[in-house]
Amino acid sequence: MPTGAHSHIRGLGLDDALEARNVSHGMVGQLEARRAAGVILEMIKEGKIAGRAVLIAGQPGTGKTAIAMGMAQALGTDTPFTSIAGSEIFSLEMSKTEALTQAFRKSIGVRIKEETEIIEGEVVEIQIDRPATGTGAKVGKLTLKTTEMETIYDLGQKMIESLTKEKVQAGDIITIDKATGKITKLGRSFTRARDYDAMGAQTRFVQCPEGELQKRKEVVHTVTLHEIDVINSRTQGFLALFSGDTGEIKGEVREQINSKVAEWREEGKAEIVPGVLFIDEVHMLDIECFSFLNRALETDMAPVLIMATNRGITRIRGTQYKSPHGIPIDLLDRLLIISTSPYQEKEIKQILNIRCEEEDVEMSDDALTVLTRIGVETSLRYAIQLITTANLVCRKRKGTEVDVDDIKRVYSLFLDESRSTQFLKEYQDTFMFNEMGSEPAESAAMETS
Amino acid sequence: MKKHLQDSRLKMVGFDLWPEFVFSLETSRSADHVGNVRMKKESLILHVRKWRKKATIGMKESKWEYEIGEQFAPRNLDAEGLMESTSNPIFARKDTSLAFQWRVRNLPYPIETYDVTLNNDTRQVTVRTTNKKYYKKFDIPDMDRAQLPLEPANLSIAYGNNTLIITYKKPKEILQMEKEIQDEFKKLKASKEGDVDCTPS
Numbered sequence: 001m002p003t004g005a006h007s008h009i010r011g012l013g014l015d016d017a018l019e020a021r022n023v024s025h026g027m028v029g030q031l032e033a034r035r036a037a038g039v040i041l042e043m044i045k046e047g048k049i050a051g052r053a054v055l056i057a058g059q060p061g062t063g064k065t066a067i068a069m070g071m072a073q074a075l076g077t078d079t080p081f082t083s084i085a086g087s088e089i090f091s092l093e094m095s096k097t098e099a100l101t102q103a104f105r106k107s108i109g110v111r112i113k114e115e116t117e118i119i120e121g122e123v124v125e126i127q128i129d130r131p132a133t134g135t136g137a138k139v140g141k142l143t144l145k146t147t148e149m150e151t152i153y154d155l156g157q158k159m160i161e162s163l164t165k166e167k168v169q170a171g172d173i174i175t176i177d178k179a180t181g182k183i184t185k186l187g188r189s190f191t192r193a194r195d196y197d198a199m200g201a202q203t204r205f206v207q208c209p210e211g212e213l214q215k216r217k218e219v220v221h222t223v224t225l226h227e228i229d230v231i232n233s234r235t236q237g238f239l240a241l242f243s244g245d246t247g248e249i250k251g252e253v254r255e256q257i258n259s260k261v262a263e264w265r266e267e268g269k270a271e272i273v274p275g276v277l278f279i280d281e282v283h284m285l286d287i288e289c290f291s292f293l294n295r296a297l298e299t300d301m302a303p304v305l306i307m308a309t310n311r312g313i314t315r316i317r318g319t320q321y322k323s324p325h326g327i328p329i330d331l332l333d334r335l336l337i338i339s340t341s342p343y344q345e346k347e348i349k350q351i352l353n354i355r356c357e358e359e360d361v362e363m364s365d366d367a368l369t370v371l372t373r374i375g376v377e378t379s380l381r382y383a384i385q386l387i388t389t390a391n392l393v394c395r396k397r398k399g400t401e402v403d404v405d406d407i408k409r410v411y412s413l414f415l416d417e418s419r420s421t422q423f424l425k426e427y428q429d430t431f432m433f434n435e436m437g438s439e440p441a442e443s444a445a446m447e448t449s
Numbered sequence: 001m002k003k004h005l006q007d008s009r010l011k012m013v014g015f016d017l018w019p020e021f022v023f024s025l026e027t028s029r030s031a032d033h034v035g036n037v038r039m040k041k042e043s044l045i046l047h048v049r050k051w052r053k054k055a056t057i058g059m060k061e062s063k064w065e066y067e068i069g070e071q072f073a074p075r076n077l078d079a080e081g082l083m084e085s086t087s088n089p090i091f092a093r094k095d096t097s098l099a100f101q102w103r104v105r106n107l108p109y110p111i112e113t114y115d116v117t118l119n120n121d122t123r124q125v126t127v128r129t130t131n132k133k134y135y136k137k138f139d140i141p142d143m144d145r146a147q148l149p150l151e152p153a154n155l156s157i158a159y160g161n162n163t164l165i166i167t168y169k170k171p172k173e174i175l176q177m178e179k180e181i182q183d184e185f186k187k188l189k190a191s192k193e194g195d196v197d198c199t200p201s
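For the protein sequence lines, the chains are A and B, in the order given. The numbering of the first sequence is UniProt numbering, which starts it at 1 and goes up by one. The numbering of the second sequence is UniProt numbering, which starts it at 1 and goes up by one.
This is chain A alone, in the form it adopts within the complex (with noise of 0.2 Å):
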């Protein structure tokens, strides 16, 4: 199972009065940051805080996009999330703007309120049969009925795999989307109530559906204004959502866009439902970009803007001047700013135990201690990795447990930041071009642009 680094992650872990739980939904510590973040996902959630902004400041390694994940998670999926990197709007296909502009309006959701067909009714019988042949397309037939009819439907294959994974049988009572062929399972029938094996304690039972088997029903489904803009983009086509290949979007397009959604929003057809775009490494966008946020910020349609960033007092890209967080000082003004603390040890033991049940890894409480330890010392990320390594040399030597040797022997393996910048202290001269040596290494790194 593939994990990724926040996969934990589950929600904010606040209860009703938005008091952080020391240890909730994959969340460890930073109980301050968290209440804050719960603040602003109310105002969020109550639509107050549309075309503002928050920025999470913090060292490496405290939970700033953690923080950002538990939020996106406790919005829902009906909010939109967009999470970009600083760096990611750097391209040479589409300019800065443009990557902004999109990622803004990826943010965006309308809501369409739209007719929909189903079926729902009770399952009389449904019958899949193999071809005698053993290979080729299953045949499968599903009869429903209401209270007043019935009917025999004819599956094809996709029905057919959705309705066995859904394990539908005889007596369920079930709800087909015309469109989507998404089944829902309401519960058994009431006339089946007798059946007592093989049925657990939660089962449901309903009342077999009344009139005709096939409905009219009104659904809601959200879409992004981005994804408006690449349908009605001569150019493009739908098809270029599935790449994600959308290059530039004309002005003209937005404006009849923005015009047409607010003609629905009038109607009562569309509701706007502004998201949030979720900026990480933040100090990466040079003062153009700054100077559009701003600007962006201030138009009716705008989403919630959180930023994130690690760096302190240091230089804005573009520019010679110096400004917290590389960030200028008029849009500095505008932002709520959260910041994170590093971790105590207490809570790194907690995040590492998290991630070893996200990664299915059994450690030893000693192993779990020298973690700690690790992490202690040189940074949690560093602990992070180590979880996965170790695991990896304990299942070579056909171990069930990390125990302390296998952590010992990744640690001995793979350097940390700091021991690696003591061994290159050390071994410099015989690296190549250590004529440069002299150089500082920071601006020939960090500057870009």
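Think of the hints as simulated: they come from the structure by calculation, not from any bench. One should not assume that every hint holds.
[Said to hold, decoys possible] Result set (DSS-like, lysine-lysine): computed pairs, CA atoms no more than 25 Å apart in a straight line: (1) A:Lys215 with B:Lys94; (2) B:Lys63 with A:Lys217; (3) A:Lys182 with B:Lys186; (4) B:Lys132 with A:Lys141; (5) A:Lys215 with B:Lys63; (6) A:Lys260 with A:Lys250; (7) A:Lys178 with B:Lys132; (8) B:Lys53 with A:Lys178; (9) B:Lys94 with B:Lys172; (10) B:Lys187 with B:Lys172; (11) A:Lys217 with B:Lys187; (12) A:Lys185 with A:Lys145; (13) B:Lys186 with B:Lys41; (14) B:Lys133 with A:Lys215; (15) A:Lys215 with B:Lys137; (16) B:Lys63 with A:Lys113.
Start from chain A and add chain B according to the hints.
Coordinates of chain B only, in the frame set by chain A:
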């Protein structure tokens, strides 16, 4: 229908040899629907009237909804996901010159099984079966458009050849209107103007 002819932009294509008139109705139902109407030249009876929602931003074009006539497009089970089996009753409207008529084919039960009623509040006709095998509610759009009252006495049923036939006699207002339209059509000559969307699906 007359009103519809007047207030919708009627585009007419057809060749003198083609046995039917084909029109697309662009604004008659509501702004976001398009319609398509086919009329037999010989009898001047509508044999197809279908509607579909226009494709809007972010949504696909919907399928044709047949008000009159039925769809003869080939069945593509895998694209559809699931389809009613051909052994089920098939419901279609097929008017005659004097009556609105609906036919439900593939119904093997005797005539006593069926109970067809007209509900004046919902303006819908309901077909019930005593053996709970078939049930259908439908409205009569022509009567709704002309805003005429529904008379239960005008409704009758017949059964034969596995087919249930439901007939609603056209009131004189409708007959009058249709006569006017037919007279118009007799004067019309098919032009060859423009292409019209008349794909079958």
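So which of the earlier hints does this model not fit? The structure breaks hints 3, 11; every other hint is satisfied.
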